[in-house]
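**Student:** Go by the hints and put chain A onto chain S.
Protein chains: 2
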Amino acid sequence: MNDKLLKYFARILPISDMEVQAIAETMSVKMFKKGSILLAEGQISTEAYFVLEGCVRQYFLVDGEEKTTNFFTDEQWVVSVNSFGLIPSTCFIDCCTDSLLVVGNRNKEEDLYRRFPNLESISRKVMENVFAGQQELMASYATDTPEQRYMKLLESRPDLFRRIPQYQIASYIGVKPESLSRIRKRISQKLK
Amino acid sequence: MNDKLLKYFARILPISDMEVQAIAETMSVKMFKKGSILLAEGQISTEAYFVLEGCVRQYFLVDGEEKTTNFFTDEQWVVSVNSFGLIPSTCFIDCCTDSLLVVGNRNKEEDLYRRFPNLESISRKVMENVFAGQQELMASYATDTPEQRYMKLLESRPDLFRRIPQYQIASYIGVKPESLSRIRKRISQKLK
Numbered sequence: 001m002n003d004k005l006l007k008y009f010a011r012i013l014p015i016s017d018m019e020v021q022a023i024a025e026t027m028s029v030k031m032f033k034k035g036s037i038l039l040a041e042g043q044i045s046t047e048a049y050f051v052l053e054g055c056v057r058q059y060f061l062v063d064g065e066e067k068t069t070n071f072f073t074d075e076q077w078v079v080s081v082n083s084f085g086l087i088p089s090t091c092f093i094d095c096c097t098d099s100l101l102v103v104g105n106r107n108k109e110e111d112l113y114r115r116f117p118n119l120e121s122i123s124r125k126v127m128e129n130v131f132a133g134q135q136e137l138m139a140s141y142a143t144d145t146p147e148q149r150y151m152k153l154l155e156s157r158p159d160l161f162r163r164i165p166q167y168q169i170a171s172y173i174g175v176k177p178e179s180l181s182r183i184r185k186r187i188s189q190k191l192k
Numbered sequence: 001m002n003d004k005l006l007k008y009f010a011r012i013l014p015i016s017d018m019e020v021q022a023i024a025e026t027m028s029v030k031m032f033k034k035g036s037i038l039l040a041e042g043q044i045s046t047e048a049y050f051v052l053e054g055c056v057r058q059y060f061l062v063d064g065e066e067k068t069t070n071f072f073t074d075e076q077w078v079v080s081v082n083s084f085g086l087i088p089s090t091c092f093i094d095c096c097t098d099s100l101l102v103v104g105n106r107n108k109e110e111d112l113y114r115r116f117p118n119l120e121s122i123s124r125k126v127m128e129n130v131f132a133g134q135q136e137l138m139a140s141y142a143t144d145t146p147e148q149r150y151m152k153l154l155e156s157r158p159d160l161f162r163r164i165p166q167y168q169i170a171s172y173i174g175v176k177p178e179s180l181s182r183i184r185k186r187i188s189q190k191l192k
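Just so you know, the protein sequences line up as chains S and A, in that order.
Residue 152 in our numbering sits at position 152 of the first sequence, with consecutive numbering throughout.
Residue 13 in our numbering sits at position 13 of the second sequence, with consecutive numbering throughout.
Bound conformation, chain S alone (with noise of 0.2 angstroms):
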């Protein structure tokens, strides 16, 4: 088992030799080519994903138009849940690199929570800690205006500039790609 999602997971409360013997059992590491999808609409998702490398994207495909909504990378968790019961998804999630990603296994949780109640309080604080990155992302769809969501992206993000392509970062602050040209020209005048 990766020593990263290890690492992250004591951040959070202490876990014990056999705790850890325990998720090494449930979740697998691989490797995923750029390109490959996740979870695509219609399908229902039975698997979460916490990211060691790489860039991983949620998009909706809208009148045959990708409309991209989040990105994930390092040590973010890439989790669809559909209310209680089993939703087919309504958006497509994809590796944007190549990424490297433990894979963790909705049903094979479950025991591993009744097994180790520990295990569980420390799920339930990384979900609050996922809806918490999606209340902000909702708060910045309410409130911000493209120009905005670019800069926010450009600050606490930066290395996403690298990584994907302009049609990607455009459709994610909610605009064309012809008119993210004319944002980063009026920033860099900014900026001078």
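It is possible that part of the hints are untrue.
Each pair may be met inside one copy or between any two copies, as identical chains are not told apart.
Claimed, not checked - Here are the simulated PhoX-like pairs of lysine-lysine, each with C-alpha atoms no more than 25 angstroms apart in a straight line:
hint : residue 1 : residue 2
1    : 30        : 108
2    : 108       : 125
3    : 125       : 34
4    : 67        : 192
5    : 152       : 67
6    : 192       : 34
7    : 30        : 176
None of these hints come from the bench; they were simulated from the model.
Predicted, not measured: the structure shown is a model, and the values here were computed from it.
**Tutor:** Chain A alone, transformed into the frame defined by chain S:
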């Protein structure tokens, strides 16, 4: 303790009499007047709410203008977590109508989970459900037109239209009140 909350929990996992007792000691039921502010921008959220009756709203103040992002009604949770740290809220949460709410306190809850791991399982599942709702809302923001958002709200939550003023509906679907009138006119013509 109100029956509605206990029944809600019991639908997720069976709960014992001791657990019911512990929940009753940890959470309280309170009546809030219309207009009560549960959380203001800049405050640190320490409470979660479960709506028994009424309607709670989340909004942001952008250049002096309210941007409504969510309404919470019967059996919905109002949760505002900001990552693991204690980060001041960027949104407001208020009561659109007189509202009867179960109030949970974050610190007391942590103690409850230590004593009753079963309640932590319920809490994790509640968080997953709340997160799923947020994901759905996010998807709608990213992919729907204001008219589509209006139709979805009308179909899924017709009760809201009796309870809250038009300008809040307009803000929620992302248009000015004047545009909402036009959207309503278009839709009523289509439905004829």
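**Student:** If a hint holds in the structure, say so; if it does not, say that too.
**Tutor:** Cross-check of the supplied hints:
When the C-alpha separation of residue 30 and residue 108 is checked against a cutoff of 25 angstroms, the pair qualifies only within one copy, where the shortest distance is 17 angstroms, while the shortest distance between copies is 39 angstroms. Proximity of residue 108 to residue 125 under the C-alpha cut-off of 25 angstroms is found in both arrangements, the shortest distances being 19 angstroms within a copy and 15 angstroms between copies. In this homomeric assembly, residue 125 and residue 34 never come within 25 angstroms of each other (Cα to Cα): the closest approach is 30 angstroms inside a single copy and 32 angstroms across copies. In this homomeric assembly, residue 67 and residue 192 never come within 25 angstroms of each other (Cα to Cα): the closest approach is 31 angstroms inside a single copy and 33 angstroms across copies.
Proximity of residue 152 and residue 67 under a CA criterion of 25 angstroms is satisfied in both settings, with 18 angstroms inside one chain copy and 19 angstroms between copies. Taking the closest pair of Cα atoms, residue 192 and residue 34 never come within 25 angstroms of each other, the shortest separation being 36 angstroms inside a single copy and 49 angstroms across copies. For the identical chains of this complex, residue 30 and residue 176 are neighbours neither inside a copy (34 angstroms) nor across copies (48 angstroms), given an alpha-carbon limit of 25 angstroms.
When held up to the earlier numbered hints, the structure conflicts with 3, 4, 6 and 7 and fits the remainder.
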